[in-house]
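*Asks:* The chain contents come next:
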Amino acid sequence: MAKMTGKEMVLEALKREGVDVIFGFPGGAIIDVYDTLEKDGTIKHVLVRHEQGAAHAADGYARASGKVGVCIATSGPGATNTVTGIATAYLDSIPMVIFTGQVPTALIGNDAFQEVDIVGITRPCTKHNYLVKDVKDLPRVLKEAFYVARSGRPGPVLIDLPKDVQNGKAEFVYPQEIKLRSYNPVIEPHGKQVERAYRLIEKAKRPVIYAGGGIIISNADAELRALAQAMHIPVTMTLMGLGGFPGSHDLSLGMLGMHGTYCANMAMANSDVIIAVGARFDDRVTGKIEAFAPLAKIIHVDIDPTSIQKNVKVDVPIVGDCKRILKKLLDIVKDVGRPDEAWIDQHKAWLEQLDTWKKRHPLTYKMEPGVIKPQNVIERLYEMTKGRAIITTEVGQNQMWTAQFYKFDHTRTLLTSGGLGTMGYGLPAAIGAQMAFPDKLVVDVAGDGSIQMNIQELATAMEQCLPVKIVILNNQFLGMVRQWQELFYDRCYASTEFTMTPDFVKLAEAYGAKGFRATRPEEIDDVLSKGLEAKGLAIMEFAIAREEGVFPMVPAGKATTEMLLV
Amino acid sequence: MKHTLSVLVENTPGALSRITGLFSGRAFNIESLNVAATLDPTLSHLTLVTRGDEHIIEQIIKQLRRLIDVLKVVDVSEGEFVEREMSLIKVRAEDESRAEILRISDIFRCKIVDVSPKSYTLEVTGPESKLKAVIELLRPIGIKEISRTGNIAMMREKKTI
Ligand SMILES: Cc1cc2nc3c(=O)[nH]c(=O)nc-3n(C[C@H](O)[C@H](O)[C@H](O)COP(=O)(O)OP(=O)(O)OC[C@H]3O[C@@H](n4cnc5c(N)ncnc54)[C@H](O)[C@@H]3O)c2cc1C
Ligand SMILES: Cc1ncc(C[n+]2csc(CCOP(=O)(O)OP(=O)(O)O)c2C)c(N)n1
Ligand SMILES: [Mg+2]
Chain A
461 MAKMTGKEMV
471 LEALKREGVD
481 VIFGFPGGAI
491 IDVYDTLEKD
501 GTIKHVLVRH
511 EQGAAHAADG
521 YARASGKVGV
531 CIATSGPGAT
541 NTVTGIATAY
551 LDSIPMVIFT
561 GQVPTALIGN
571 DAFQEVDIVG
581 ITRPCTKHNY
591 LVKDVKDLPR
601 VLKEAFYVAR
611 SGRPGPVLID
621 LPKDVQNGKA
631 EFVYPQEIKL
641 RSYNPVIEPH
651 GKQVERAYRL
661 IEKAKRPVIY
671 AGGGIIISNA
681 DAELRALAQA
691 MHIPVTMTLM
701 GLGGFPGSHD
711 LSLGMLGMHG
721 TYCANMAMAN
731 SDVIIAVGAR
741 FDDRVTGKIE
751 AFAPLAKIIH
761 VDIDPTSIQK
771 NVKVDVPIVG
781 DCKRILKKLL
791 DIVKDVGRPD
801 EAWIDQHKAW
811 LEQLDTWKKR
821 HPLTYKMEPG
831 VIKPQNVIER
841 LYEMTKGRAI
851 ITTEVGQNQM
861 WTAQFYKFDH
871 TRTLLTSGGL
881 GTMGYGLPAA
891 IGAQMAFPDK
901 LVVDVAGDGS
911 IQMNIQELAT
921 AMEQCLPVKI
931 VILNNQFLGM
941 VRQWQELFYD
951 RCYASTEFTM
961 TPDFVKLAEA
971 YGAKGFRATR
981 PEEIDDVLSK
991 GLEAKGLAIM
1001 EFAIAREEGV
1011 FPMVPAGKAT
1021 TEMLLV
Chain B
10 MKHTLSVLVE
20 NTPGALSRIT
30 GLFSGRAFNI
40 ESLNVAATLD
50 PTLSHLTLVT
60 RGDEHIIEQI
70 IKQLRRLIDV
80 LKVVDVSEGE
90 FVEREMSLIK
100 VRAEDESRAE
110 ILRISDIFRC
120 KIVDVSPKSY
130 TLEVTGPESK
140 LKAVIELLRP
150 IGIKEISRTG
160 NIAMMREKKT
170 I
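Quick note, the sequences are listed as chains A and B, same order.
Sequential numbering from 461 applies to the first sequence in this note's numbering.
Sequential numbering from 10 applies to the second sequence in this note's numbering.
Do not take every clue at face value.
[Stated by the list, open to error] Partner residues aside, some chain B positions facing chain A, computed with beta carbon under 7 Å:
{"#": "1", "residue": "71"}
{"#": "2", "residue": "72"}
{"#": "3", "residue": "75"}
{"#": "4", "residue": "78"}
[Said to hold, decoys possible] The following residues of chain B were derived to be distant from chain A, with all beta-carbon distances above 10 Å:
{"#": "5", "residue": "19"}
{"#": "6", "residue": "34"}
{"#": "7", "residue": "38"}
{"#": "8", "residue": "67"}
{"#": "9", "residue": "68"}
{"#": "10", "residue": "74"}
{"#": "11", "residue": "79"}
{"#": "12", "residue": "80"}
{"#": "13", "residue": "145"}
{"#": "14", "residue": "149"}
[Said to hold, decoys possible] Derived DSSO-like pairs (lysine-lysine); straight-line CA-CA distance at most 30 Å:
{"#": "15", "chain 1": "A", "residue 1": "665", "chain 2": "A", "residue 2": "773"}
{"#": "16", "chain 1": "A", "residue 1": "596", "chain 2": "A", "residue 2": "463"}
{"#": "17", "chain 1": "B", "residue 1": "127", "chain 2": "B", "residue 2": "11"}
{"#": "18", "chain 1": "A", "residue 1": "593", "chain 2": "B", "residue 2": "168"}
{"#": "19", "chain 1": "A", "residue 1": "663", "chain 2": "A", "residue 2": "794"}
{"#": "20", "chain 1": "B", "residue 1": "139", "chain 2": "A", "residue 2": "639"}
{"#": "21", "chain 1": "B", "residue 1": "139", "chain 2": "A", "residue 2": "475"}
{"#": "22", "chain 1": "A", "residue 1": "748", "chain 2": "B", "residue 2": "71"}
{"#": "23", "chain 1": "A", "residue 1": "826", "chain 2": "A", "residue 2": "794"}
{"#": "24", "chain 1": "A", "residue 1": "527", "chain 2": "B", "residue 2": "71"}
{"#": "25", "chain 1": "B", "residue 1": "168", "chain 2": "A", "residue 2": "639"}
{"#": "26", "chain 1": "A", "residue 1": "748", "chain 2": "B", "residue 2": "168"}
{"#": "27", "chain 1": "B", "residue 1": "81", "chain 2": "A", "residue 2": "603"}
{"#": "28", "chain 1": "B", "residue 1": "81", "chain 2": "A", "residue 2": "652"}
{"#": "29", "chain 1": "A", "residue 1": "665", "chain 2": "A", "residue 2": "596"}
{"#": "30", "chain 1": "B", "residue 1": "71", "chain 2": "A", "residue 2": "652"}
{"#": "31", "chain 1": "B", "residue 1": "139", "chain 2": "A", "residue 2": "773"}
{"#": "32", "chain 1": "B", "residue 1": "139", "chain 2": "A", "residue 2": "770"}
{"#": "33", "chain 1": "A", "residue 1": "757", "chain 2": "B", "residue 2": "71"}
{"#": "34", "chain 1": "A", "residue 1": "819", "chain 2": "A", "residue 2": "652"}
{"#": "35", "chain 1": "A", "residue 1": "596", "chain 2": "B", "residue 2": "81"}
{"#": "36", "chain 1": "A", "residue 1": "1018", "chain 2": "A", "residue 2": "818"}
Source of the hints: derived by calculation from the structure; they are not laboratory data.
Even glycine gets a Cβ: it sits at the ideal position worked out from N, Cα and C.
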């Protein structure tokens, strides 16, 4: 068999794994791989302006498409610049493969030029990582990396490639299938557990499905909807689960948790059976743990055993893939064949109670004459883009208003950094999503603070002619932190006010894009339609009510029923 | 509660640091850690003594199993098991204390593995309680240096990890 160089193996593996686009930034330690990719020409490379952007773009690509996102960077500063992006993907369980260049093996450990121990640095924020010391190991490592990244609970996997390994030669035997003796995620659930779950649900008077990011990761949205409808059980979603069940469905209670709806939090607090599916009982969801869902028996479906019993006691744990488990439950429902009316009768009082809560405190905000309310902007954005947009967000109030007021009806249409809460995620993620879906409308809902954290990626988007749309909700504040200061720190606005903000319209123009600004409510629709209909990239800036808050809000450490309302 | 975990892990660079990193990163404690090769050179066997309530131990075991390099984790202290630790103790040995040390060594079936005009080095093996007892008896005489392996453990009967 002909021998291949390490850099050729990387190219070959990318092709075999079906990778069509990668995001990256070159440098001396990775120049060899770049050379090989360029001369071959099959794999599209998107040149970013900062390696953090490459990692978020690969992540956005992965979230939108469900495929493994790939990014590439040089050693040293190139590698460290990807770390925030890797950690972001890790906390939200996003499949990614990151290639980094490394100094030649002989120099490792010598504090060589642009040497960092990136494998050491990223050990706690990758699902797995490899420093390849021998080119003979590379084919196996490449295959393993993609397999580990996408299987089980997905996550980022980093491969560090010393320069001599990129250029060294070995036989290329790419394993067709892979079996690791030390890694065998459980996909198929225990049948008995599923039956136990069914029996519990069958008796429940006040059931709720608490759906998380696992629904989206495992593409179980159709099964979830079928099951909820078959048993007439309401569904609430985590931030990561939004879109996994249609937000405009009658059975949807919207998001739960710190900034969740009154109804969703009341439902959890009063439920007798909670069916948690692909959700991990994050502290933003449970609030004060002792007061969380005091009356409920809990069924917990998750592919990762560490998620189960981590924060709350579970009555029926089911380890496995959401999609399979929901299917099995659905099969049982069909086999048992209770008439539809039986379910309706059993949940009638509960659904009525939920309806009362929904009406008592719906998501709302106060209009003020002459002032743009951010919630209003998001509502209008939803009306104008319904169902046809992929929305990315930055972090902060802009993210929460989007989660509350945009009704996500389809899976993989909200890309947001939930676990790490990374400001600067939205724009590069939008670039990744747009690369995956060139014909879809991709909108980044941003805050004036966050957008400046990876603003350099405007150049990337322009260079690739990507028609990404950016809605900036400009309050001239680090609004989310300001809100905490207002509520819990005597309104002492320590370092949260921006007294200088760039002119975002001119900024757009400087990059060759279009910029529009609204300062009064009457201008919202006009600016939105101009921006959305513009040919290429457009920034739509909204000068919003400066001290608007996000409500409901459960103060940190309080029970989720102790909500501050509008 | 004290728990002794037996962990089978791929013998790869970085595997150990993944394990110790897990403990420090998640604020679990390690009381002792012993690592050595197994009959299969591609695997290492790790004995780890840790403390925590039931809930924490469950998380520790699950988190260890989640590591890609980890093959198997068993809480050997859940059933019948044998546990041994070895220690080398260098103790000041002058004049009349020399005989006293030999007596202690004899009673606890220690071995004298090094002798000098001013010190003895003892090898002691046994469960932690025995090591503790020997150390307490030698302490007043003057321990100059001590080196301990940490626990190794094995399940009784036919069970293997
Ligand atoms: C400013 C801010 C405010 C926030 N406020 C809220 C809030 O009010 N409400 C809220 O909900 N969140 C909020 N979040 C997000 C929060 O921090 C967490 O990221 C989120 O709650 C976690 O969602 P999840 O439980 O769905 O878990 P994810 O992080 O999406 O985890 C997915 C779970 O599914 C499992 N899984 C993966 N694949 C599968 C599969 N194939 N089969 C089965 N299981 C699988 C995983 O093991 C994991 O346990 C906020 C974040 C920020 C930054
Ligand atoms: C990288 C990073 N640094 C700091 C924070 C803390 N933080 C959370 S929200 C927020 C304010 C964000 O401001 P802006 O983007 O203007 O959004 P707004 O809340 O005003 O909508 C800050 C500083 C963070 N999440 N990420
Ligand atoms: Mg702001």
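*Asks:* Take the hints in turn and mark each one as holding or not.
*Replies:* Evaluated hints:
no.	hint	verdict
1	71	holds (4 Å)
2	72	holds (5 Å)
3	75	holds (5 Å)
4	78	holds (6 Å)
5	19	violated (6 Å)
6	34	violated (5 Å)
7	38	holds (17 Å)
8	67	violated (6 Å)
9	68	violated (6 Å)
10	74	violated (7 Å)
11	79	violated (6 Å)
12	80	violated (4 Å)
13	145	holds (39 Å)
14	149	holds (44 Å)
15	A:665 / A:773	holds (20 Å)
16	A:596 / A:463	holds (10 Å)
17	B:127 / B:11	violated (38 Å)
18	A:593 / B:168	violated (37 Å)
19	A:663 / A:794	holds (16 Å)
20	B:139 / A:639	violated (45 Å)
21	B:139 / A:475	violated (61 Å)
22	A:748 / B:71	holds (24 Å)
23	A:826 / A:794	violated (46 Å)
24	A:527 / B:71	holds (27 Å)
25	B:168 / A:639	holds (26 Å)
26	A:748 / B:168	violated (43 Å)
27	B:81 / A:603	holds (23 Å)
28	B:81 / A:652	holds (25 Å)
29	A:665 / A:596	violated (60 Å)
30	B:71 / A:652	holds (22 Å)
31	B:139 / A:773	violated (39 Å)
32	B:139 / A:770	violated (37 Å)
33	A:757 / B:71	holds (23 Å)
34	A:819 / A:652	violated (40 Å)
35	A:596 / B:81	holds (27 Å)
36	A:1018 / A:818	holds (21 Å)
In this structure, the earlier hints numbered 5, 6, 8, 9, 10, 11, 12, 17, 18, 20, 21, 23, 26, 29, 31, 32 and 34 are contradicted, and the remaining ones agree with it.
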